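Engineer: What follows is the residue order along each chain.
2 protein chains.
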Amino acid sequence: MDVEAVIEEVLPRVRPTEEERAFVEGLMKELEKLAVETIVELDLEVKPYFVGSLAKDTYLAGDHDIDLFLAFPLKTPLEELRKKGLELGRAIAKRLDSYEIAYAEHPYVRAYYRGVKVDIVPCYDVKSWRDVRTAVDRSILHNRWVLENLGGRNDEVRLLKRFLKGIKAYGSEIYVRGFSGYLAEILVIKYGSFLEVLQKEDFILRQKVIDPGNWLKREPEIAMKTVKREAEEDRPLIVIDPVDPRRNVAANLGWERYGVFHFKAHQFLEAPSLSFFFPEEKAGGSYLEELRRKGTHMVTLLFEKPNLVDDVLMPQLERSARGFERALQREGFRVLEWNVGHFRGKAFIMLEVDRLEREKVRIKPGPEFFTERGWDFYRKNERVWLRGKRLYAEKRVKEGIVDVISELLSKNQISLGKNLRKHVGDADVLLDYVPEELEEEAYLLLNREKWNLKR
Amino acid sequence: MDVEAVIEEVLPRVRPTEEERAFVEGLMKELEKLAVETIVELDLEVKPYFVGSLAKDTYLAGDHDIDLFLAFPLKTPLEELRKKGLELGRAIAKRLDSYEIAYAEHPYVRAYYRGVKVDIVPCYDVKSWRDVRTAVDRSILHNRWVLENLGGRNDEVRLLKRFLKGIKAYGSEIYVRGFSGYLAEILVIKYGSFLEVLQKEDFILRQKVIDPGNWLKREPEIAMKTVKREAEEDRPLIVIDPVDPRRNVAANLGWERYGVFHFKAHQFLEAPSLSFFFPEEKAGGSYLEELRRKGTHMVTLLFEKPNLVDDVLMPQLERSARGFERALQREGFRVLEWNVGHFRGKAFIMLEVDRLEREKVRIKPGPEFFTERGWDFYRKNERVWLRGKRLYAEKRVKEGIVDVISELLSKNQISLGKNLRKHVGDADVLLDYVPEELEEEAYLLLNREKWNLKR
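Heads up: the sequence lines are chains G and E, in that order. Take the first sequence: its letters are residues 1 to 455, numbered as in this note's numbering. Take the second sequence: its letters are residues 1001 to 1455, numbered as in this note's numbering.
Bound-form chain G, shown alone (with noise of 0.2 angstroms):
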């Protein structure tokens, strides 16, 4: 098959249909009118907007969020603007079918209608970026300038966004750290389609600066900053956003994300197939004898999911295990890999460790032995020795990898998510075992099907 083959198949999957298009239409003038009535009822001075990809026309078939923002005055206070703007979302959501809050930088409404999920979230009315106050002040101006630079390439951002979806590098949530549906709307705009994106991938990547808005000629001195920091960050891609010099829209796409695209950006053009849109799920296998095979082991640890949204509680799930990768290594197990995640109201953090026993006594540094600690140490242990300046002495341990565990945790000298401590510390610890609802995410993890890019 060959690619304007594979091609031709997949853009009636990803374009909306006609009927999809004029549901989503009349879905869009049905909540302006909503709004434009309730903000009268509460007679207040707020332009309702729509932005996201449903309004930049770049949704994929079947893929319809709605995002309605309600845009206050320059002039209205911060605190104004949060009640005011909640209170205002309120009011239209119930006009909706339900309606939740959600928390972000502020708190906004989602509400569904229809069947459809409609964010309602109050921003400033910013006609540039000097004037941009919050975090989503922005995405009016990256509606604004989709909508004028895109040229009709719709469905070619269509074609990029299903392509990173299929391989897994959509995304710009801390916990996947993959390309944001903007970022893929900015490369399309800038190398013209999306054959040409892949194609240029090696010298996107040599680039590393692309500059859309021609800010380091507009504004070199905030430019170069931005440039500047990003580079010291080492980010794969500096992409200034090209409505404010001071952002760079590739500021969450991680190396991994990269990476993968990378392999499979030559992959496809080498030998097109529609399997990089639409992969197929791979059977599984077992993860038990994954750990035959391998000879390592697995330790779980299962606990109550904290009621936290992901953006927030994924992070944390990541940054405690890495914790206990730390102090494992630490007390002398090595950890090959994690994994973490819930499942029905369970968080569960996974580790692949290189055994479950360690020996029973372990060599503990002390001070150089000159210094007043060093006459302590000496007086406090049985067998002391020098190597060079520093003393040494002999320390019973505990052997099994969960009693090190739970001494651990006991003596907080794991760092966790800060919101997990607790249930951490009340995790069911499970060796070379995991529930049936975890089997597959253990096999995926063990033979590092995961993260494989060959997969």
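Hints listed in this document are in silico derivations from the structure and should not be mistaken for laboratory results. Source: prediction; values computed, not measured. Be a bit skeptical, because a hint or two may be false.
[Unchecked claim] Straight-line distance between alpha carbons at most 25 angstroms, and here's what the computed DSS-like set of lysine-lysine pairs gives: (1) Lys454/G / Lys168/G; (2) Lys454/G / Lys1380/E; (3) Lys1084/E / Lys454/G; (4) Lys1084/E / Lys1094/E.
Chain G is already provided as a structure; the job is to place chain E on it using the hints.
Structural biologist: Positioned in the frame of chain G, the structure of chain E alone reads:
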């Protein structure tokens, strides 16, 4: 027991008796006569000198090796000195009981006469440090300086030497790294007596630089260069040689041996006892029990001892043990401690390790993904994943430590002493077992008695 009482008991045991004194003095006279006769016979312009603790009268009772130096005029070319020196030494030695050729910087003759070892060493007849051409030339200057400055405190030196021997901190050989006899003499000369050296131990360490020759005034540039160089090498003490401002008398003193002196000096002053000078040999224990107690394991390499003197062999064995430590660490085995040595024609390297088996797969770090080598790595391995920019893959490996060691040796991946490669390559590898002759060494290694400061 108070300090004076202890010293009263030690003195008669370290001070040579009148009989011993008469015996060695007779011996020296006889040797001198022989040497002078032989020099005349060979028609050489050479002066015989006695150096070392016997010539300085600081030898311990029963410990009377003789150092006979044959001093050639400065004008003698080095090659001639080596050749004629050996010739002359041999000619003298032939009139003694037996002899052999030994090798240091230059070959010399080691003879035995009436049960006493006599080293016959050619050197230059130097008058000042500026004349020094070979490593042994300073001995004559050392001898003269000690004789001029000791002022009758010979027994104080004997006490200090015996104390250092008792606590196992005596000997400047590279594999001991303790106090030399000359350093002990300088300390007594500088601080007045055995007790004062012990009392001032803290002060000596803090002051760090000792300059009995007043070189920092007489030759400030050269002496400061010595101080700087030795400070950079982080020596515990910098004792500028009173006969040569370029040299640190304590260059071979390691922190470990100094640390032993530190603790033992304090302890002796707090609770004086004969055992510091004449320690009782502690009863040994079972190394197998130690292995059980600690939950660790022991790997012993046993091989034919290469025909090298200890000064050369021991550092090479140590280097090899460290090579094993690093190589095994890289392979996932932790080396907790090691010990080397030889007995009855066999040399050994003992390693205490955390386990004998490891997991069956290892994680192989690869190059950064966006390089040419990145593609190679990607193509060559089955499972490939990313952590940051770096590719990783899985590798099947040998499980048992014996297999791992043979593979490392066959691939030349252990850094070994240069004369040991062949011998170590043919070594027997013993697991958790040693031949009877090594049982005590194994026990001392495992329970750290060998280095235990509290022994």
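Engineer: Take the hints in turn and mark each one as holding or not.
Structural biologist: Here is what the structure says about each hint:
A threshold of 25 angstroms between alpha carbons decides the hint, and for Lys454/G with Lys168/G the separation of about 12 angstroms falls inside it, so the pair holds. Taken as a hint, the Lys454/G and Lys1380/E pair is honoured in the structure, with Cα atoms around 11 angstroms apart against an allowance of 25 angstroms. The straight-line distance between the Cα atoms of Lys1084/E and Lys454/G is roughly 75 angstroms, outside the 25 angstroms bound, and the hint therefore fails. For the hint pairing Lys1084/E with Lys1094/E, the CA-to-CA distance comes to about 15 angstroms; that is within 25 angstroms, so the pair holds.
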